[in-house]
Amino acid sequence: METKFINTDTLPFCSGCGHTTISRNTEKALQKIGLNLLDVILVTDIGCHGIIDKAFDTHTVHGLHGRSVALASGISAGVNNPDKKVIVYIGDGGASIGMQHLLDAAHNGYNMTVVVHNNMLYGMTGGQPSELTPKGFKTPTLPQGATHKGYDICGLVATAGASYVSRITGIGDISDQLAEAFSRTGFSLVEVMEICPSYGVKSNPGIKLKTLIEEAGIEIKVYADNEPKAFETQERNDLPSLFSPSLEIKEEFTHRLDKPVRLFLSGTAGEGVQSAAEMFIRAGMRCGLQGTKKGSYPVTVGVGFSASNLILSPEPIFYTGAPRPDVILVTSEDGIKFARKLIDNAGEEALLIIDSTLETPKTRARVVSHHFREHFGGRNAMITALFEYLRQSNIISMDALKKQFMDSKMAANTKLKALIEETFGI
Amino acid sequence: MQALIDGSRLMTEALVKAGAEVFIGYPITPANNLYLFSGKRFKTFLAAPDEITTLQWMSGFAAAGKLPVTATSFPGFALMLESINMAYMMELPMVIVLVQRLGPATGTATSGAQGDIALLNGMLSGGYSIPVISTSEANDCWEMAENALKTAVELRTPVILLTSKEEVMTQFSFDLDTLKEIKAVERKYYSSDGKFIPYKRDERGVPEFLPVNNDRHQVRYTASTHNENGILEGITPGALNNTISINKKIEKNIDSYLYYDLEKDDASDTLLVSYGITANAAREAAVRLRKEGRPVSVFIPKTLLPIPDKYMNIMSGYSNIVIAEENHPGLYRKLLFGVKAPTNVHSVNAIGRMINPDEIIEEVKKHGN
Ligand SMILES: Cc1ncc(C[n+]2csc(CCOP(=O)(O)OP(=O)(O)O)c2C)c(N)n1
Ligand code: SF4
Chain F
1389 METKFINTDT
1399 LPFCSGCGHT
1409 TISRNTEKAL
1419 QKIGLNLLDV
1429 ILVTDIGCHG
1439 IIDKAFDTHT
1449 VHGLHGRSVA
1459 LASGISAGVN
1469 NPDKKVIVYI
1479 GDGGASIGMQ
1489 HLLDAAHNGY
1499 NMTVVVHNNM
1509 LYGMTGGQPS
1519 ELTPKGFKTP
1529 TLPQGATHKG
1539 YDICGLVATA
1549 GASYVSRITG
1559 IGDISDQLAE
1569 AFSRTGFSLV
1579 EVMEICPSYG
1589 VKSNPGIKLK
1599 TLIEEAGIEI
1609 KVYADNEPKA
1619 FETQERNDLP
1629 SLFSPSLEIK
1639 EEFTHRLDKP
1649 VRLFLSGTAG
1659 EGVQSAAEMF
1669 IRAGMRCGLQ
1679 GTKKGSYPVT
1689 VGVGFSASNL
1699 ILSPEPIFYT
1709 GAPRPDVILV
1719 TSEDGIKFAR
1729 KLIDNAGEEA
1739 LLIIDSTLET
1749 PKTRARVVSH
1759 HFREHFGGRN
1769 AMITALFEYL
1779 RQSNIISMDA
1789 LKKQFMDSKM
1799 AANTKLKALI
1809 EETFGI
Chain Z
56 MQALIDGSRL
66 MTEALVKAGA
76 EVFIGYPITP
86 ANNLYLFSGK
96 RFKTFLAAPD
106 EITTLQWMSG
116 FAAAGKLPVT
126 ATSFPGFALM
136 LESINMAYMM
146 ELPMVIVLVQ
156 RLGPATGTAT
166 SGAQGDIALL
176 NGMLSGGYSI
186 PVISTSEAND
196 CWEMAENALK
206 TAVELRTPVI
216 LLTSKEEVMT
226 QFSFDLDTLK
236 EIKAVERKYY
246 SSDGKFIPYK
256 RDERGVPEFL
266 PVNNDRHQVR
276 YTASTHNENG
286 ILEGITPGAL
296 NNTISINKKI
306 EKNIDSYLYY
316 DLEKDDASDT
326 LLVSYGITAN
336 AAREAAVRLR
346 KEGRPVSVFI
356 PKTLLPIPDK
366 YMNIMSGYSN
376 IVIAEENHPG
386 LYRKLLFGVK
396 APTNVHSVNA
406 IGRMINPDEI
416 IEEVKKHGN
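Protein sequence lines correspond, in order, to chains F and Z. Residues are numbered in my numbering as their position in the first sequence, beginning at 1, plus a constant of 1388. Residues are numbered in my numbering as their position in the second sequence, beginning at 1, plus a constant of 55.
This list has only true hints and no planted wrong ones.
Covered stretches of chain Z, as calculated for chain F (at least 3 residues, CB under 8 Å):
#, region
1, 89–96
2, 409–415
List time: in silico DSS-like cross-link candidates among lysine-lysine, alpha-carbon distance up to 25 Å:
#, chain 1, residue 1, chain 2, residue 2
3, Z, Lys95, Z, Lys238
4, Z, Lys303, Z, Lys243
5, Z, Lys243, Z, Lys304
6, Z, Lys98, Z, Lys243
7, Z, Lys250, F, Lys1392
8, Z, Lys420, Z, Lys395
9, F, Lys1638, Z, Lys235
10, F, Lys1647, Z, Lys346
11, F, Lys1523, F, Lys1537
12, Z, Lys304, Z, Lys365
13, Z, Lys98, F, Lys1617
14, F, Lys1392, F, Lys1442
15, Z, Lys420, Z, Lys319
16, F, Lys1790, F, Lys1805
17, Z, Lys95, F, Lys1797
18, Z, Lys365, Z, Lys395
19, F, Lys1420, F, Lys1442
20, F, Lys1442, Z, Lys250
21, Z, Lys395, Z, Lys421
22, F, Lys1442, Z, Lys255
23, F, Lys1416, F, Lys1392
Everything labelled a hint here was simulated from the structure, so no lab data went into it. The beta carbon of each residue, even a glycine, is placed where N, CA and C say it ideally should be.
All chains, please: the whole structure from these sequences, using the hints.
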């Protein structure tokens, strides 16, 4: 006996609705292919066509308006088994609001067959035109008729990479055409042209589907019939933990901090501010300190300022902000602009380390000015400013920062390396 | 083992360890580190073309029995809203990490915020409850991430893991050996031979689960108002009852996902309340206040929504309450105390920057003791 996919003689559509033809022929097509009930997952959109679920004894999923193809894409990728047949029922309305999902599913080659129920209007909401409504077609809310040609959804998904695409007329027995699409792997789509008797006929009296199709220049044909290209979900079971042993920072030097110190580094994007900040924080950790680091830069990361907030502390750090840093290091014009407010607000106990090419702003902070840019180059100004800060403050072992520096790419620059060794006596 | 890490790394690793299998994402600052780490760590990683698609793909994976995760910020979350309502209605397990940034609209991508809690409270049409679990310190990026995933599975629901820019982007020193071990969540499937009724509830009010590709029983997932068979039914008593049961499931099981810190100081008449990124400023403020001889108790809710009765009990024991949060109107305060807070409830608020312990200390000192 043939599998019964539909469990009722009365479908929930108006008399003469093209949706009935599609549902009945879907069952017939599935029978022709010989699929089992639970090998089929029917995903339906919101619209008249979508209330068919309860009539199908397959697995059914009923989601949101326009999103059925995306939902089915997830199901298809999640199931990851081409022997399971994912069928999507969607209207021309759903295909309009969710058009990107159709293109995307075709593009990725998700295993599914999308059946577009193109009755050229929104049935469920009272007959408004969709993006697929053909030129001249009238609807209750558009009595003068559509002024534009509707989207050629078949052409679009074919271009996007679908395996199989056809447009058919939803009259009579269409089970062979549906079966053809259902039996493909990868993404296939059938656009079924049909009429909504309740709104389409009312607004276009005497309308004949075939004549309309001809007059509107809508092509009934196979749009794509390619080598099947099916999406396969990658499952990588051998990925390493994000806590790789290389992350370890061993305590091997000493510090002289009895309370937290907050640094603000401000320079120019592309001049190694962030990497200098990271070297410094790591150096602090090598000395047994706790640390935090934040970066600030414009969204276009390659221009303008680049700044970093650092905290080093002998105790756990809770609040990671530093509205009044203890030390401000500025190595460029961009950096000065960005740090201006902090420099203005700095108190007498604060230290400002600034490049000597910059005009020292008015500040209460103690100022140290050095030829970082001139001696070491703009790209190395921040790390050398940090070496200078250490030389003056001794808060952590100089060797710790030296070690970070030696481990970095910067140390490949032998001239710089020698210069730093000589200047800071390391 | 000491390492320099960020909250995104902790969260990603915790979610994977807890059993999350698929990360689907669309790039957005400040959630990008989660996207980046997930690409290196999740068994399956998919880059979606937008956030509506993200949530739809996740729902599809969840219906197929996988555990999906995404991370986004308000602009992306806004696009996901209808689809999260769908996943809620279908009762699909998943975790959505919401990394708050300054709004409204695109706001400032690089500035943190705590501006989305009111939205989360009303994000389901009908005002139903969805679990919102938040991080308030580094260790929460580990444990609350695990808890979020477990809750999603145990209650068959989307769960929001709420965090903010500074919590997932700031790098900090951390001893990885202090993290507790995480075991993958156990998934139970309907195993009886009897007819499977997709939304029939167990004693906790949770429907048993079967993926949409199983060969034994028909499965129906439906976002529209549906009865326990998953059949779209409109406003029949059975269907309305099912909708209410979803909400009940979340509310009556609150104890299974109730997380908070309470540091009680018996000498204090003031309770400092904070959550998320501001929690650490509150913790620091309390340490400093106590050093100065001013006792204060600290309450850090981590399960933010639905608001459990227990929170009201905790707070009722104090004559002064100071609530600190990084938004202008005092969003969580309003949820806790209504639009007009009682006169003993005080707020510390800011936007565009983190709240500083000094401001909290100042506010606490104005009242009580
Ligand atoms: C996001 C969203 N917008 C609008 C609607 C309202 N709506 C329900 S069905 C529908 C159109 C249905 O038309 P179509 O997809 O062509 O299916 P048909 O009813 O013709 O079968 C619309 C706009 C909705 N459900 N969701
Ligand atoms: S309104 Fe139109 S599309 Fe909807 S069921 Fe009736 S005839 Fe079909």
